[in-house]
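*Asks:* Below, each chain spelled out in residue letters.
Protein chains: 2
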Amino acid sequence: MELREKTTHEQDLFITIILKNWLLQVKRGKVLLDGISEDEIMKEVAPGKNRGIYIVGHIIAYHDLMGEILGYGKRKYPQLQPIFIEAADKSGLEMPGYAELKALYEDVHKHIAEQLEVLPTEQWYQRHEAMTDEDFKKDPTRNKLNVLVSRISHLAYHLGQLRLLK
Amino acid sequence: MELREKTTHEQDLFITIILKNWLLQVKRGKVLLDGISEDEIMKEVAPGKNRGIYIVGHIIAYHDLMGEILGYGKRKYPQLQPIFIEAADKSGLEMPGYAELKALYEDVHKHIAEQLEVLPTEQWYQRHEAMTDEDFKKDPTRNKLNVLVSRISHLAYHLGQLRLLK
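In order, the protein sequences belong to chains A and B. Just so you know, the UniProt record's numbering puts 165 at position 165 of the first sequence, and the rest follows in order with no gaps. Just so you know, the UniProt record's numbering puts 19 at position 19 of the second sequence, and the rest follows in order with no gaps.
For reference, chain A alone in the conformation it holds in the complex (with noise of 0.2 Å):
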């Protein structure tokens, strides 16, 4: 009994630490358009390049993907996903404006924090959704596990964009 516990214990510790660092930087990422006022984030974060709002949207539209992925829902928001996945930044589509976007910003992660929160430890080492059981044989790293770590890269990899803003 002893090996058992301490094999759960490791693994909600190693769980523990993914989702601490996913949710920190969920939090900087609030911090950081809190401070962004709604004639910056119109900015492009350099020249010719994305502007932040749609950065913002872009964070949003992926990460409420992510429940299709991990298997534990449906999107939230199919209506961003033509806006800020399929199309680029200046596409002429109608974005929904900067405090809507920080009220999604808000839900989506609120929403990702509570399934996540709840996923049983098993199911974090299981295949994720878009992959077949035969790749996940030949590599068993890309479980659910991996999908979060590579979603806190992406956060990260933009809010390192929207913080030139400021």
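Source of the hints: derived by calculation from the structure; they are not laboratory data. Even for Gly, the Cβ is constructed at its ideal location relative to N, Cα and C. Take these hints with a grain of salt, some might be off.
To be verified - Okay, the calculated beta carbon distance ranges per label pair:
(1) Q79/B / L23/A: 46 to 54 Å
(2) K166/A / G35/B: 21 to 29 Å
(3) M131/B / L23/A: 17 to 25 Å
(4) L23/A / F136/B: 15 to 23 Å
Claimed, not checked - Listed below are the simulated DSSO-like cross-link pairs for lysine-lysine, each with C-alpha atoms no more than 27 Å apart in a straight line:
(5) K166/B / K43/A
(6) K27/A / K137/B
(7) K102/B / K49/A
(8) K90/B / K43/A
(9) K74/B / K166/B
(10) K49/A / K90/B
(11) K90/A / K102/B
(12) K166/B / K90/A
Please build the complex by placing chain B on the supplied structure of chain A, with the hints as guidance.
*Replies:* Coordinates of chain B only, in the frame set by chain A:
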């Protein structure tokens, strides 16, 4: 015995996931630098912000410290710390050239990879060197694995900025 083997396997799987994500970001950095010219790297990533050359040096200097936090050895290039960690960009301190920094990027990350690949599994779950035993008791997630996860975010954050030079 079967439980113990499972424990080790699962621990190795966590570590493998984190190492793979780390190496992926390091590789992305190399590919990115290979595509940024001598002229481009001397530019600010956005008006009034850090220049590419400073960010590259900062990444190298920061990662060069990793051995002291993970306990596998001293920094290899202490001369980088005053320029890229203690000072901000445009401090007037002389910087290594881009070709030299690209070589250091390879060298520092090769050294880290060699050290991390042989770090024993149990060491990943120990406290890092910059915290006390007492603090670690309160929060066992602050282990060496957590340090590497936070370095992945740090690297991704700055790669998002360097990407704007292209």
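*Asks:* None of the hints should be skipped; say for each whether it holds.
*Replies:* Okay, the hints, checked on the actual structure:
no. : hint                       : result
1   : Q79/B / L23/A: 46 to 54 Å  : violated, 37 Å
2   : K166/A / G35/B: 21 to 29 Å : holds, 27 Å
3   : M131/B / L23/A: 17 to 25 Å : holds, 20 Å
4   : L23/A / F136/B: 15 to 23 Å : holds, 20 Å
5   : K166/B / K43/A             : holds, 18 Å
6   : K27/A / K137/B             : holds, 25 Å
7   : K102/B / K49/A             : holds, 25 Å
8   : K90/B / K43/A              : holds, 25 Å
9   : K74/B / K166/B             : violated, 34 Å
10  : K49/A / K90/B              : holds, 24 Å
11  : K90/A / K102/B             : violated, 34 Å
12  : K166/B / K90/A             : holds, 19 Å
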